[in-house]
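Given the coordinates of chain A, assemble chain B with the ligands onto it according to the supplied hints.
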Amino acid sequence: MSAKKTKTIKTIKIDVDKCNGCRACEVICSSFHAIPKYSNNNPARSRIRVIHEPLRDVYVPVYAGDYAVAECAGRDKYIIDGKEYDECAFCRAACPSREEFKEPDSGLPLKCDMCEGEEEPLCVKWCLVDALTIEEREVEIDDEEEEKRDEIEIGLESLVNRFGIDKVSDLIAQISKK
Amino acid sequence: MRYAETGFNLEIDLTRGNIEKVASDPRDTELYLGGLGTNAKIIWDRVPPEVEAFSPENLLIFGAGLLCGTPATGCNRTIVSTISPQTKLLAFSMMGGFWAPELKYAGYDKVILRGKSPDLVYIWIKDDKVELRDASHLAGKGSIETAELIREELNEPKAQVAAIGMAGENRVFYASVEQGRSSASRGGIGAVMGDKGVKAIVVRGTKDLNVADPEKYMELCNDVLKYIKHREDNPIPGVMPILAGLGSPQEMKVHDEKWHTENFMWGNSRVRRRDFWNEEVEKEWTETMEKARTRLISCFNCPMKCGATISMPGLPTYMMKCFTKLTYTMGAFSDLDFGLRIAQKATEYGVDGFSAPQVMAFALELLENGILTDKDFPDMPEDNEGRFFYLLDKIVRREGIGDVLADGTYWAAKKIGNGADAYAHNNIKKHEQLPLKLSMLNPVYFLMYATGEKMNITQIEGQFPQAPFATREEREAFVSDWIQVPDEKFKQILLDWEFRGENSNPYYPTVEMACDIVDWQETMHYIDDALGQCAGLSSFPLKPPYHIHNYPEFISAGTGMEMDKDKLTEAAKRYRTLVRAINIRRGMRRKDEKPPANHWKKRFPELEEKLLDEYYKLKGWNKDGIPTRESLQQLGLGYVSEDFLQRGILSKDDEAADQDTAAETSVEA
Ligand code: SF4
Ligand code: SF4
Ligand code: SF4
Chain A
1 MSAKKTKTIK TIKIDVDKCN GCRACEVICS SFHAIPKYSN NNPARSRIRV
51 IHEPLRDVYV PVYAGDYAVA ECAGRDKYII DGKEYDECAF CRAACPSREE
101 FKEPDSGLPL KCDMCEGEEE PLCVKWCLVD ALTIEEREVE IDDEEEEKRD
151 EIEIGLESLV NRFGIDKVSD LIAQISKK
Chain B
1001 MRYAETGFNL EIDLTRGNIE KVASDPRDTE LYLGGLGTNA KIIWDRVPPE
1051 VEAFSPENLL IFGAGLLCGT PATGCNRTIV STISPQTKLL AFSMMGGFWA
1101 PELKYAGYDK VILRGKSPDL VYIWIKDDKV ELRDASHLAG KGSIETAELI
1151 REELNEPKAQ VAAIGMAGEN RVFYASVEQG RSSASRGGIG AVMGDKGVKA
1201 IVVRGTKDLN VADPEKYMEL CNDVLKYIKH REDNPIPGVM PILAGLGSPQ
1251 EMKVHDEKWH TENFMWGNSR VRRRDFWNEE VEKEWTETME KARTRLISCF
1301 NCPMKCGATI SMPGLPTYMM KCFTKLTYTM GAFSDLDFGL RIAQKATEYG
1351 VDGFSAPQVM AFALELLENG ILTDKDFPDM PEDNEGRFFY LLDKIVRREG
1401 IGDVLADGTY WAAKKIGNGA DAYAHNNIKK HEQLPLKLSM LNPVYFLMYA
1451 TGEKMNITQI EGQFPQAPFA TREEREAFVS DWIQVPDEKF KQILLDWEFR
1501 GENSNPYYPT VEMACDIVDW QETMHYIDDA LGQCAGLSSF PLKPPYHIHN
1551 YPEFISAGTG MEMDKDKLTE AAKRYRTLVR AINIRRGMRR KDEKPPANHW
1601 KKRFPELEEK LLDEYYKLKG WNKDGIPTRE SLQQLGLGYV SEDFLQRGIL
1651 SKDDEAADQD TAAETSVEA
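Going line by line, the protein sequences match chains A and B. Using my numbering, the letters of the first sequence correspond one by one to residues 1 to 178. Using my numbering, the letters of the second sequence correspond one by one to residues 1001 to 1669.
Read the hints as simulated data drawn from the structure, not as lab findings. It cannot be assumed that every hint is accurate.
[To be verified] Over the 12 Å line for every Cβ pair with chain B, so calculated as not near, a few chain A residues:
#, residue
1, Lys5
2, Arg75
3, Asp76
4, Cys95
5, Glu140
6, Ile141
7, Asp150
8, Gly164
[Stated by the list, open to error] Label-pair ranges, simulated between beta-carbon atoms:
#, chain 1, residue 1, chain 2, residue 2, range
9, A, Gly107, B, Asn1234, 39 to 49 Å
10, A, Val168, B, Pro1056, 47 to 57 Å
11, B, Lys1216, A, Asp113, 16 to 26 Å
12, B, Pro1056, A, Leu171, 44 to 54 Å
13, A, Glu120, B, Pro1118, 52 to 62 Å
14, A, Glu71, B, Gly1400, 49 to 59 Å
15, A, Glu120, B, Asn1503, 43 to 53 Å
16, B, Lys1258, A, Asp130, 29 to 39 Å
17, A, Pro36, B, Glu1050, 48 to 58 Å
18, B, Lys1229, A, Arg75, 35 to 45 Å
19, A, Phe90, B, Lys1229, 26 to 36 Å
20, A, Arg75, B, Glu1287, 35 to 45 Å
21, A, Phe90, B, Asn1234, 33 to 43 Å
Owing to the predicted nature of the structure, the values given are computational and were not obtained by experimental measurement. We treat Cβ as the ideally placed atom computed from N, Cα and C, and that holds for glycine.
Okay, chain B solo, but in the shape it has when bound:
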């Protein structure tokens, strides 16, 4: 018997309408755990680099994490993986909510889609019964609307629905997959779903999910609950409100937005408004939120309530989480009322809350600067807010200039030409980033931005405080119960970290320390993504209930596999390297690992090179960011190394290959 996982995947060939239930290989679970790990293995094996995002051969995998559906609190992530139309690299986005556990209860770990359906369909999974159903009547419908209509027509109020809106259907490069209170937004996964002709995947499961060592597993779960309570009662002092507690983060609950509105950039990630937050704004925004928010809501089996139901007068109800609360508001230099109104539309259309407002602000900047002209925006309203609604509509319908903007700022700038690329200034690897511009280079963040392959800083940062504590006492208090560290040395790093002087950014944490910190942060995110654990209770917040010391126990008691800290760290390194290998095979190199040139004012090209050199070394990658033959062999990824040799990505003489490419590397200062 398989424990924690079901041991079965659903393979659906949309071209032929063929559906198969296929047993997965338990050895893959040992090596790659599940979720992202096994998704990556499947994509490496079956999606060669010639396959493009919109090729029928591209796979779209909805993978439930290894421990999803077990009683482990907050373990509910669906890891959606495919090749991104925007970055042309591996896209993987995690959605919370209720879908992954439901899939497990239906008896499957993954749904793997290939081919393209000739007509728009939805997939209906109820335990052993799986069918493709006509969705032509749902074309053009909103994602939430679709979910409601499907539940009604199936008479299945408990079915969980992951659906795309118009943006996905029209292959907008930053289209999301929406699932009620959660979404898989980054990388244009919704566009691939639309391209495959799938409007929604609907699932209802009523089967048992087993764990290997019931008593032990329950003891671990109860310890986690106890620790969550402890953290709720003891918020961390000296950090901003959303970092003091657990959650992912709890944007819907917090009214004090001084930090975001004064530190993040407005418009096309340009303008910092240092004195924006005042009593009047606070009063108005708090009122808006209180009126709109009917309830704070959680994902499956989690007490944290990071989401909210939002009802704006005159608009259909929707659900929201996280920072979408402010991205439209700030992109348009508007207020929260506008932000919550347009987010309602954006959620129904299904677009990413980071990219969409930035693309719109970018378009208006081009207009202001004469690179685009009024002719490109026929019948556009005069008022600022009206313009954003207008642009959103154009984009999701791919009408006129919207068709160009639907590809994101990088590709749109290329098409528009005429110097437009200077306005597509906030991308890494062709993907829009958080609107943040800072002064002094931070070595830890430099590495995370440069090398993160999850494309979003929130999906790699965490655990380690974002800034030093002011006093020695605060630092000592912080490290006194810091049980999560994988190694005691991290405590010392924090104790010695200062705002000014020798032990401050950019030269402290030192190169070596920065590499270790980032490696720890990234490892924890990758573990979460394989287990299906929400980062909000694990890799993202300070002092989370899940960490490298209790995860191995969860895995052994859950699955019955032997697991310890080293074995788990190695497994995470294995599939993290495989993710990189997929992208390397698609052409990603060191030259692509660059934070936006203007991310920090004060840059240190030499230090940055050194950071990359050392981090690559620690990760077992050569100077160009390619995993070396030796490290691949050590991780049991000999098949990757052979493929690299065959393709000439690595040569028999690793070192020689390094020399050639290192010269291309440069950092824009």
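So here's chain A without its partners, still in its complex pose:
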């Protein structure tokens, strides 16, 4: 039997009605994750994306979640408040069907890390209109928490899925010889 513990989890609450489509969240996220920090920015590398279609009044900020190997089948449409949304508009996955949440050059998947090391998520701080706010809650966790997969592993897996295991291992072998 594993002992039950609790921990505080911070999540970001999204109020789509307050979003004005400015993409400040994309700017600061990509700037924060630049190496060195803040040295450049590029919304196409951001881990939050604002899916927005002004003429249909669709404004949905979405955080990058886990990487999906394949696109899902039979996507639905949602009607909310008379507005039609594509299911993808709410999906957090980096998946083969779209360019969201992938590094523009390498195609490697991106994932929101809640701005590790910062006092608060920066997209929340930069969203002055409160479309993004922080919410804290207590959750029970198992002792043997599912081990955290690191970025390299996720990245490598996506490469394997894209190019095949042979190609990737060949390449790794080649690089290590250099």
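Chain B with the ligands only, in chain A's frame:
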């Protein structure tokens, strides 16, 4: 490595279909910063005064500001520059929205168009891939419609589109370039785009944009955000609602239109309706707006939400910002419902929201007064609103009388003759102005109207309160945290400024003070236009987050160039003088620097002359408004001075040239 800018321009020769990526000279960035500054340098170098708006040699430059695309809040302006068909001078118009940052992420600072495409095309820029694509299927389509169709056919929902509508295609002299929620409207830039055969410029960029000193730059950005919050929580007391906060201004949010509807003129800038605003109107207009407005929306990286999405029943959705909300309504003596309906059409057609309604009201005035007759308006509907829709259609199609009106009130009056020019009464430098007529001359506004080369008062005014505060306490409170002033003396000017008595308009602010105030106001606008910063967070509102004290730090941390207050002020003066030089070479002189004769009832010809004299002196211009050899040399613009000598615009003996021309000057009182 280049920082904040990409260091590359796209040069597109439309005649030959040739596209080149050209590295820009970093020394030009030092001297002219970017945006308007470097646009002006290119136009000076490459567009001689013989070149007309519709010559193939005319350039049309879409320049992203120097800091656009960096994390600096509100830095998103595209500065579009060309020779205007209407004024025949340099036109430059700033559009907000999302286009300029996207261009930076694609790896370019400017798109420079020359020549003319034989067929209608659009330009598709995706990072390193640039192509001209057939747009024949988009001919006659609305600007917003076009943007949607292009995004669909390219399957690029994130592409940013700057497009013209029918007005641009048909070279209407006040055609705009539309970009979703924003537009470049003044000066007929859309007509030049249409003349070049370009329906749209579409851009998608996915590259990094670097800054030189990341930690410092982020600290500056965070300070700006903090100050914006502070200003949002502390609106300025004692001024009208749209001036209390930041933004450019927030017309879509504000329902109380008492000030505009009772102080601005209706019709062809004629009639003031002092008791117009009442509860009933307020209720009706608020309802109209609330129903139409689906959401308040911002430009790229800005929290201010100056724009709105507007859906009128039965009409396609569009986006609106600023004062277009009321220009059609007031031009037609109608209501907000009509204003928002016709603005939908006008946005799709792509026309300037100041000029278009004024031209239409002018036409109807000519009809009323028998200068035009019913024959000129075949099949025109009887009702007032119907007439405006009719006229708008005629104009953008250049059909019948519309063909004449499409050139704006100045040129239309010339063609129509028969005394029509008395009705084209609200122009400066051949360009329609805000519909405003006042009583007592205001020396600061006199100078801004007369000498502004951005052609619109909102693009030069700002920072300094428009009117004195009533009490000493209010004034003291205002100056107590006025950190934006470039010099402490401005605080004293405001403290001593009264509604009545010695220290009131027109003789106070004194000539010297008025010159200093206008110079400060103009300098800040020119800095914004080079950096790509929205005036709504900088030069336009009272107490903005960006000012002369933090801008130099932004520029050094962003670009890596050394910068301080003096160097920045000098750079702004340099390209401001270059803008003037371009116009001087095109024939603009002191005689053209006149606000409309009826702008104020009470005029003071002697004082006005003195104001111009002193302001010209402060700017380093001679009595005719021409930059002197000495000031050109000081600014490193020796090449301008040589050109002026060669053309006989200046003579070796500066002073002598002054004497000849000063006699031509007159102010209509
Ligand atoms: S910063 Fe806020 S308002 Fe702006 S796009 Fe992101 S979520 Fe929307
Ligand atoms: S929390 Fe941080 S990492 Fe996650 S989307 Fe926001 S800015 Fe990016
Ligand atoms: S202040 Fe208004 S107009 Fe200016 S950038 Fe922000 S939203 Fe756009």
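Just double-check Lys5 of chain A for me: nearest Cβ-Cβ distance to chain B has to come out over 12 Å. holds (36 Å)
Does the Cβ pair Glu71 of chain A, Gly1400 of chain B satisfy 49 to 59 Å? The hint (49 to 59 Å, Cβ to Cβ) holds, given that Glu71 of chain A and Gly1400 of chain B are roughly 56 Å apart.
Pairwise beta carbon distance, Glu120 of chain A to Pro1118 of chain B, judged against the given window 52 to 62 Å: holds (56 Å)
How does the Cβ-Cβ distance of Phe90 of chain A and Lys1229 of chain B compare with 26 to 36 Å: does it lie in that range? holds (30 Å)
Outcome for the supplied range 44 to 54 Å, where the beta carbon pair is Pro1056 of chain B and Leu171 of chain A: With Cβ atoms ~52 Å apart, the hint holds.
Given the hint of 43 to 53 Å, is the C-beta distance from Glu120 of chain A to Asn1503 of chain B inside that range or not? holds (50 Å)
Quick check on a hinted range of 35 to 45 Å for Arg75 of chain A and Glu1287 of chain B, using CB atoms only. Holds, at about 39 Å.
Assertion that Gly164 of chain A lies outside the chain B interface [Cβ separation over 12 Å]: Non-interface label on Gly164 of chain A holds, nearest chain B Cβ at 26 Å vs cutoff 12 Å.
Taking the beta carbons of Lys1258 of chain B and Asp130 of chain A, is their distance inside 29 to 39 Å? holds (30 Å)
Would you assess whether Asp76 of chain A, listed as outside the interface, keeps its beta-carbon beyond 12 Å of every beta-carbon in chain B? Holds: least Cβ distance 19 Å, greater than 12 Å.
Please confirm whether Ile141 of chain A is truly not at the interface, meaning its C-beta sits more than 12 Å away from all C-beta atoms of chain B. holds (34 Å)
Beyond 12 Å from each Cβ of chain B, as asserted for Arg75 of chain A: holds (16 Å)
Comparing the model with each earlier hint shows no violations; every hint is respected.
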